[in-house]
Structure formats: structure tokens, C-alpha cells
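Given next are the chains, with one letter for each unit.
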Amino acid sequence: MRVAELPQITADILMRLRARAPRVHCVTNAVAQNFTANVLLAAGAIPSMTLSPDEIGAFVARADALLINLGTFDAERRDSVAAALEVATEARTPWVLDPVFIDRSEQRSAYARTLVGQKPSAIRLNAAEFAALSGLEADDAALTRYALDTLAVVALTGNLDRVTDGAQHAVVENGHPLMAKVTAMGCAASALSAAFLAVESNPFVASAAALLAFGVAGGIAGERATGPGSFTAAIIDALYALDDTALREKARVR
Amino acid sequence: MRVAELPQITADILMRLRARAPRVHCVTNAVAQNFTANVLLAAGAIPSMTLSPDEIGAFVARADALLINLGTFDAERRDSVAAALEVATEARTPWVLDPVFIDRSEQRSAYARTLVGQKPSAIRLNAAEFAALSGLEADDAALTRYALDTLAVVALTGNLDRVTDGAQHAVVENGHPLMAKVTAMGCAASALSAAFLAVESNPFVASAAALLAFGVAGGIAGERATGPGSFTAAIIDALYALDDTALREKARVR
Amino acid sequence: MRVAELPQITADILMRLRARAPRVHCVTNAVAQNFTANVLLAAGAIPSMTLSPDEIGAFVARADALLINLGTFDAERRDSVAAALEVATEARTPWVLDPVFIDRSEQRSAYARTLVGQKPSAIRLNAAEFAALSGLEADDAALTRYALDTLAVVALTGNLDRVTDGAQHAVVENGHPLMAKVTAMGCAASALSAAFLAVESNPFVASAAALLAFGVAGGIAGERATGPGSFTAAIIDALYALDDTALREKARVR
Chain F
326 MRVAELPQIT ADILMRLRAR APRVHCVTNA VAQNFTANVL LAAGAIPSMT LSPDEIGAFV
386 ARADALLINL GTFDAERRDS VAAALEVATE ARTPWVLDPV FIDRSEQRSA YARTLVGQKP
446 SAIRLNAAEF AALSGLEADD AALTRYALDT LAVVALTGNL DRVTDGAQHA VVENGHPLMA
506 KVTAMGCAAS ALSAAFLAVE SNPFVASAAA LLAFGVAGGI AGERATGPGS FTAAIIDALY
566 ALDDTALREK ARVR
Chain W
326 MRVAELPQIT ADILMRLRAR APRVHCVTNA VAQNFTANVL LAAGAIPSMT LSPDEIGAFV
386 ARADALLINL GTFDAERRDS VAAALEVATE ARTPWVLDPV FIDRSEQRSA YARTLVGQKP
446 SAIRLNAAEF AALSGLEADD AALTRYALDT LAVVALTGNL DRVTDGAQHA VVENGHPLMA
506 KVTAMGCAAS ALSAAFLAVE SNPFVASAAA LLAFGVAGGI AGERATGPGS FTAAIIDALY
566 ALDDTALREK ARVR
Chain C
326 MRVAELPQIT ADILMRLRAR APRVHCVTNA VAQNFTANVL LAAGAIPSMT LSPDEIGAFV
386 ARADALLINL GTFDAERRDS VAAALEVATE ARTPWVLDPV FIDRSEQRSA YARTLVGQKP
446 SAIRLNAAEF AALSGLEADD AALTRYALDT LAVVALTGNL DRVTDGAQHA VVENGHPLMA
506 KVTAMGCAAS ALSAAFLAVE SNPFVASAAA LLAFGVAGGI AGERATGPGS FTAAIIDALY
566 ALDDTALREK ARVR
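Going down the list, the sequences are from chains F, W and C.
Whatever position you read off the first sequence (first residue = 1), add 325 for our numbering.
Whatever position you read off the second sequence (first residue = 1), add 325 for our numbering.
Whatever position you read off the third sequence (first residue = 1), add 325 for our numbering.
Treat the hints with care, as some may be off.
[Said to hold, decoys possible] Here are some, though not all, of the chain C residues that point toward chain W, as calculated from beta-carbon distances under 7 Å:
id, residue
1, Ala-355
2, Val-356
3, Ser-430
4, Gln-432
5, Ser-434
6, Arg-438
7, Pro-502
8, Lys-506
9, Thr-508
10, Thr-551
11, Pro-553
12, Gly-554
13, Ser-555
14, Thr-570
15, Glu-574
[What the hints assert, rightly or not] Negatives, chain F to chain C, calculated, CB over 12 Å:
id, residue
16, Arg-345
17, Arg-402
18, Arg-433
[Stated by the list, open to error] FRET-style restraints, in silico, Cβ to Cβ:
id, chain 1, residue 1, chain 2, residue 2, range
19, W, Ala-386, F, Arg-403, 29 to 37 Å
20, W, Asp-569, F, Arg-343, 32 to 40 Å
21, W, Ala-386, C, Glu-411, 48 to 56 Å
22, C, Ala-400, W, Ala-386, 17 to 25 Å
23, F, Gln-432, W, Glu-415, 43 to 51 Å
24, W, Glu-548, C, Gln-432, 43 to 51 Å
25, W, Asp-464, F, Arg-579, 28 to 36 Å
26, W, Lys-444, F, Thr-551, 30 to 38 Å
27, C, Thr-414, W, Asn-527, 36 to 44 Å
28, F, Glu-411, C, Pro-502, 48 to 56 Å
29, W, Ala-435, F, Thr-551, 48 to 56 Å
30, W, Asn-527, C, Pro-502, 45 to 53 Å
31, F, Glu-411, W, Ala-453, 37 to 45 Å
The hints are simulated quantities; they were obtained by calculation from the structure and are not laboratory data.
Please read these numbers as outputs of a predicted model, since none were measured by experiment.
Every residue, glycine too, gets a C-beta built ideally from N, C-alpha and C.
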């Protein structure tokens, strides 16, 4: 993929999402569940959020992609992840790891490292979480090395979003400062990445495209919002309406 | 009830709700809890959402209606349902069953069938859930038969909403396509049905009126919203302001 | 503090919050988690919401204030509170108790009384909860006596908000009727009080200022909203933009 083609590719993936309505099962934190479900619906996917270890296998078996987000992690979620990954691995279902707040808890950080060993398609995280996960400062060389070591796409979000599979690199400059003032924005970006993986087999392309879609939607929302409360609704409206024209006009990728 | 009277009856029930502020206890899924509480408050009811098996009996004993929603079902919710139904049955508190996603998990489907045996006042569900629950395709004859068999009002929502107690039938054509693009809309409709049951003793009337109120509010919201994000706030605003004039002008029931 | 200075003091605390971005860890109910996180972010704080007893100590150890809210209380939350308070007490981290719905459950009420013995900086509650906690009717004399007995600031919210540490008293008349029509408004006010305690060492001042900030934001939101749905976004927007001019012009304190 040439990065210049990313806006059009992103529009194509969004069209596939809306046409196919893939199922995305989410093990995610209590704060993010509602917003994540609404972001997935706005993009065209069908979310499910059941956590019970007894039932999660049945949901993952019928899902097209899986999200594992470590926010508000607890015993039930840990058991659920084990059950979910067993099914996803067997079925080769793509999955995204979002190691929320692993910089706050050594126990969570150690657990995240074991999950990386179970071969996520992509890892979406911020700089502090990357440092806690890899032991490396989050510069381009470290991202490349970590992607090569883990065979996962690494998607680092912040003022800029940087995505790499070790061989290819993309930088997305879209987004808006209010995204840091609303909870679960990163969580929702990870869920959107899982939805993109459900309809796009190249995980680097899927991850970069998802962050571009979310960033462009965030930029549009930022123009309309009067603060973080109205921004929350506006980014969902913008994602729902996102099309190739907006993506081509507004994308800032390299 | 003649169906033509449903708009005025719905307005009357809403007035009673606002005057009496009944308590509605909800065992509901993690994704829906916040939106459900806000829908209930907008309609005039007082929601509570405690799940702990130790405490739920105390909450249900003081409640005027109960919702049991099977989304994100887990061990704690299962224990809670048992404790809640014991109190509700003893006190003859009306309750609504919402068998979310039972088409995805045979275990959940089997459990839902045992709950139907505990005599819900109404069951609110979609066509796939009805098929999983009853083994029948969701046509009018099957809804009638299932209502007669279970002695519950069956409220099937979708592009049209169909409500029956086996003897009486109502079809509500209100609503808006964006309702399918926001999570927990069906869950909230079930909760609203429970609130209506708290102040209207005829479960068929209460269920049909609740779906009409929610559908008309959804239609008004759809005229104002610019996407599913703004729709979420707009349907709550519309429900809060809903009156007999809007119900009479906009209701499409038969 | 002279109460007339409260608007300017509140503006100063908000500036400190935005500059320092303190961490506020919240044990709070499932209904309130998302809205609470967004209120904290809008005010300038960094929320975390992990409940697992295994990890909560690590989060509280890195936090500048703690909220303990008893809504949707369950076994996991009870174990979490014990672990959280052990760390907070050792580190002298300020914490706020919000005894949600203790008037509905004697078990919860008894538990809340044991928590009061662990010396919260402030207790934010409504009149029914105050009665269940203290055995007293919620008049000024009772608030004063309870504050002196417990050494906690008592912040009673309702049509008026009354705050006292037993020696000083403030009444805040701001706010808006729609605040009673949106779930988790009281919960968010408690969380905001915890954030203010993170940057203001006088708990009476911090509590009164937090309620003034939230009440003024609520008043501004009420002017803009068309119902409780739009109010939810509007109060977050208003809190995010709140400044000394709005506080001085709109504050009604005595």
C-alpha cells in the first residue's frame, strides 16, 4: 500500500463494513462499553459485549473480529479472555489488544505481555502503555522493532498516530484535542480497528485505515462541538456519515 | 381497548407516570444501564440498577415494576434474577423479560425459557430472539400462539412493532431507522414497558402504549438528529416532552 | 473563607485542576462510570475506574483523590473498597463517600456507617440518604452535628446544596431542575468534589467549590438544553468552559 492511497482505501473499507455488518465481540472496560458499541454501530458493525466465561465462546465463535481491552480488568474479564482467545485462535479470528493503563499496574503489564504472546493482529496503545509493554521509549525505531518481534501491527495514538507492521509505516495527523477530553476514545479506536480487521485482511492497512477514519471523524466533530459533551455525539454522527469525499479532503497522512 | 384509542391512552399513562414516579428496578446489561436509566427518568420513573444478590431483594421489594434483561449475562446477574423474581412473584410485581441475544448462545436461550415459565407480564424481543425462544418463525399466528401458551404479552420490535396478548393485537408503525444504529434502544423500550406496567394494570395496553411512546419519540428525534450520536440525546429529549398532541398527530397504529 | 469569596476561589481551584491534572480513582456504580469519567475529564482531572481488589491498590497509590460511591454495590466493589481505603489511609489520600440509595437497603446503610468511621474527607448525599446514615432529619442543626461527630464535611444536595464542616456553612442555590432528570448527576458531583480535594487542602472549601462549579455549569446547561438528553452533553460542555466570569456572574451562594 502506498500511504497516499490510504484515504480511498479507508473509504472502501467503510463501504465493506456497512455492506457486510460484521460482528465484533468486545471484552472491554465498564467505562467504554456503551460508547464503544455506538462507535461500532455508527461504522456499520454489530457489537456484542458479553463477558461471562460460560458464554463468551459462543459469541466469539459467531464473531468476525475480537477486541481485548484491559481497562477495569478483573477476575471475570481474565477468565473471559482465556475462553475468548481459545476460540479466536482456533478460528483464526483477528483480534486487537488494547492494554489500557498497564503503566499503572505491574500486574496488568505482566498480563498484557502474556497476551502479546498469543498473537494479536494489532496492538493499539499510547506512549506510556507502549513503554510499560515493551520496555522501550516510543520512538519509530522501537515501534518497528516491537512490531517485528511480536508479528503484530503496532498502532500508537497520541497527537500523531503512528502505525507499523515493522515493514510499512503510516503517520496519521488527523484527530482533535477534544479527543483527549472524552473517556474511551482510545478504546473506541481499538474497537474500530477490530471492525476494520473483520473486512480487511491486511492488518497494517486495517489498523491505519481505522485510525484515519476515526481521526477524520474527530476533526469534523471538533468543528461542530462546543465542548467535550457535544463532541461525544458529534464524532459518532461524523463517523456514521463519513465518506470518500471527506476522507480525501481532510486526510493528513504520510 | 380499541387500537384507535391507543394514542390518548398512551398520553394518559405518561401523565400517570409523571405524577406517580414509580420505581423500576432493572437487572440489565452493562452496555444499556446508563441509557436505560436516562430513558426511565425522562419518562417520569425512578430507576435502580443494583445487581448484588444480597441487596436486590430489598430493592425489588420497594419497586413498582421489574425488568430482566439478559444482555451481558453472567453469574452475578443469574443469582440476582433468582433473588429478584422470588420477591417480585411474592409481591405480584409486574415484570418484563428482554431475552437479549439468546439467538447467539444456546445456554442463554435455555435459561430464557425457564424464565418464561416464571410468568413475565410481557416479553419484548426481536424476530431472531423470538425464534430462539419459541422455536417458531415470528409471524402473527406464532406470536398469538406463544402469547396464549405463556400468558405473557409478546412485544416483537423491528421495522414494525407487533404486540399481542393472544386475544388483542396492535401494530405500531412509528420509530426511525436510526434506532437500529444506537445500542440499547430495544433494552430501553423494554424498561419503558416495565415503567408503563407500574401504572397501567392491563399488560397488553401498557406494552403497546410503551412502544408507541418510544416510537413516536424516536420519530421526533429522527427529524432533529444529524446521526446516531445526536439521536441518542434527541430521543430522550423527545420522550421527556412527549404529550397527547404529538401522540395523536404522529401515532401510526392499527 | 468568607462565602462571598467562593466564586473566585472556585475559579482558582478549577485553574489548579486544569494545570495539575490530578488523578482521581473512582469506585463507582455501573450506571455512573462513563458520565463520571467525562465530568472529571471536562474539569481537568484524570479518572480511573478499576475495581479489581488485586489491582486497585496500585491505582489508588498513584491517585491524588479517591471516590467511594455505593451505587450498584456488590461483592467485588466491597472487596475493592477495603483494599482502596487501606492504601488511601496510609497515604492520607483525601476521599469522598457517596452513599447512594442507602435508604433502600438496610445492609448498605449499615455498611456506609462503617465507612464513615474510616474518616472520609467529605460525604455527598441527599436528604433520604442523610436520614438513613445519621438517623436524623436533614436540617441545618443535624448536618452540623453530624459533621462535628464524624469530622467529615457534609454536603447535602437537592433544590439547595448545603455544605458544612460543623464550623463553617455554605448554601449553594445554583443548579437546574433537569439535574434531577439525568442519572448519575449526584454521583458526578461527588467525583468532582474528590477532584477538587486533590488540589485544595481545605475539605470544606473544596466541597463547597465543587458543588458551586457543578451547579453553575448545570444552570448554563439548562439555558441551552431542550431536555435531559441534550442537558447531559451541555453540562459537560459548560463545565469544560467554566471560568471566573461565569462563576462571579451566576453564583448564588450564602
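Please name the hints from earlier in the document that this structure breaks, with their numbers sorted from lowest to highest.
-> 5, 6, 7, 14, 15, 17, 18, 21, 25, 26, 27, 30 and 31
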